[in-house]
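**Q** Residues per chain are reported as follows:
Protein chains: 2
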Amino acid sequence: METFFTFLEKRVDDCSSLLCVGLDPHVSELSSPSAASALDFCLTLIKATAPYAAAFKPNAAFFEVFGAEGWTVLKQVIEAIDEESKRLGSMIPVVLDAKRGDIASTAEAYAMSAFETLGAHCITLSPYLGKDSIDPFLNYPERGVFLLCKTSNAGSGDLQDVKIMKEERGKTDDSLSSFLFLYEHVAHLAQTWNTNNNIGLVVGATHIEALKRVRAAAPDLWFLAPGVGAQGGELEAALRAGLRRDGRGMLIPISRGISRAKNPKLAAAEIRDQMLQIKRQLTQE
Amino acid sequence: METFFTFLEKRVDDCSSLLCVGLDPHVSELSSPSAASALDFCLTLIKATAPYAAAFKPNAAFFEVFGAEGWTVLKQVIEAIDEESKRLGSMIPVVLDAKRGDIASTAEAYAMSAFETLGAHCITLSPYLGKDSIDPFLNYPERGVFLLCKTSNAGSGDLQDVKIMKEERGKTDDSLSSFLFLYEHVAHLAQTWNTNNNIGLVVGATHIEALKRVRAAAPDLWFLAPGVGAQGGELEAALRAGLRRDGRGMLIPISRGISRAKNPKLAAAEIRDQMLQIKRQLTQE
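Protein sequences, first through last, are from chains A and B. Using my numbering, the first residue of the first sequence is number 7, and each one after it goes up by one. Using my numbering, the first residue of the second sequence is number 7, and each one after it goes up by one.
Watch out, some of these pointers could steer you wrong.
[Said to hold, decoys possible] Here's a subset of chain B near chain A, in silico, CB distances under 10 Å, partners left out:
no., residue
1, Val33
2, Val71
3, Thr78
4, Asp138
5, Asp141
6, Asp164
7, Val192
Because the hints were derived from the structure by calculation, they are not lab data. The beta-carbon is built from N, C-alpha and C at its ideal position, and this holds for glycine as well.
This is chain A alone, in the form it adopts within the complex (with noise of 0.2 Å):
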């Protein structure tokens, strides 16, 4: 059976990118403060970008803010998505950015509402509320979930970077120094939890240390690495702290890097002929 990340290394190979292409259509970027104005946006983005693109990620946040009429908008985003994928003859993966998280009846229908209403094959969920919280998620056995790990904020270490007691992680401690940061016990669960190929981890590529970190607590999973160029994050050295040994692993949204750029189809290509370059690189060291 393939799962999400079967489905989405599929892509990677089929396209040597790990770019995802973030659609996020803020107010500041459209010509009208609309729906349609944000339809538009993403349509000539996805339309630019698709060939370069490993995964789209549109973020609920921007189409939420246009109440039911960004709803309609959003499935339009992904039906279009569906349809490109259709004309280039390789599927692209859609990764709801929604962060959602609740529990029994409720995550069930956040996860209903992702993956079925929506169409969405994988969602960014907090881990805040533990395993039962990402259960109604994990059973639909094809889709996908990024669990927020270390976020590429400022703010980030209020919670993440909380050290915790050593006896929390037993004996099976393998992390790189004698304490235990709280995003690396998350890293762990996640590990542990991934029985079905469906969990990967939000990591900031703003956070170096803590991208080694995670990737040596949880040498496994597919990380989305957000931070990269808007909020200061530096490819080649995400990439070499994050990938794993088979050049894969990692998926690097980019936002307004492409979406502001004078030619967003150049620009999406240009950094996906970077990361092809700097993996070759990193696995011929």
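Position chain B against the provided structure of chain A, taking the given hints into account.
**A** Just chain B now, kept in the frame of chain A:
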């Protein structure tokens, strides 16, 4: 200036109630699996229970699952609460249970979506991304947030019960024992962050010990304490552990316990009366 919690306290006094009526139009409770049916379900509940409701809490997931139509209904539900409030002559706060959590312009868009597009007065948020993910919501001085602290589900311990190293708390540690759970760290942070009386905490009524610890860490904050009834939480024990000294400080959300009752109006009235009785007893002790 009126803050969210002075607004809530006014309503709590007006209706002598700590009851927060949950609006969870779960498909299993509807006459048909449609957004229209979800609207009927909510309007009927609002009409029946408004006199006893200190607040209403629509759960975003059960609307999102119907896509754009569900989003339209969610807005209509919030407007209906506003109208019912005017009829009663006492405004009833709306807590949007959405458990959002993101950063920078994304968090701004979620805040705008909840507070402006939908018109909610308060929202539930995840604390996992830290203070800067909360700020865009706190920038609305008359609106409020409830941060997830210790949730009512079985898996809540995976992260929330992790024991953190004491150095994290410095010399201000006033917890009940020699170590600190992660959820207590969140409570301490929230108490510190609450400079504008617009932060509360979600603490499951199913965890009496946690309620006590969180109350010790955050003596001033309002708690939203789910889990009474359906999830096995016991009302008296919860109020005893979590009420502030002024007999306020806890909102008790009930969903199925009211919506599935033969007579939801009567069920709401009875729960309100139980709360009032327990509260009186506690303040006389």
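**Q** With reference to the structure, classify each hint as holding or not holding.
**A** How the hints compare with the structure:
{"no.": "1", "hint": "Val33", "result": "holds, 8 Å"}
{"no.": "2", "hint": "Val71", "result": "holds, 5 Å"}
{"no.": "3", "hint": "Thr78", "result": "holds, 4 Å"}
{"no.": "4", "hint": "Asp138", "result": "holds, 4 Å"}
{"no.": "5", "hint": "Asp141", "result": "holds, 8 Å"}
{"no.": "6", "hint": "Asp164", "result": "holds, 3 Å"}
{"no.": "7", "hint": "Val192", "result": "holds, 7 Å"}
Figure legend: structure checked against the earlier numbered hints; every hint is met.
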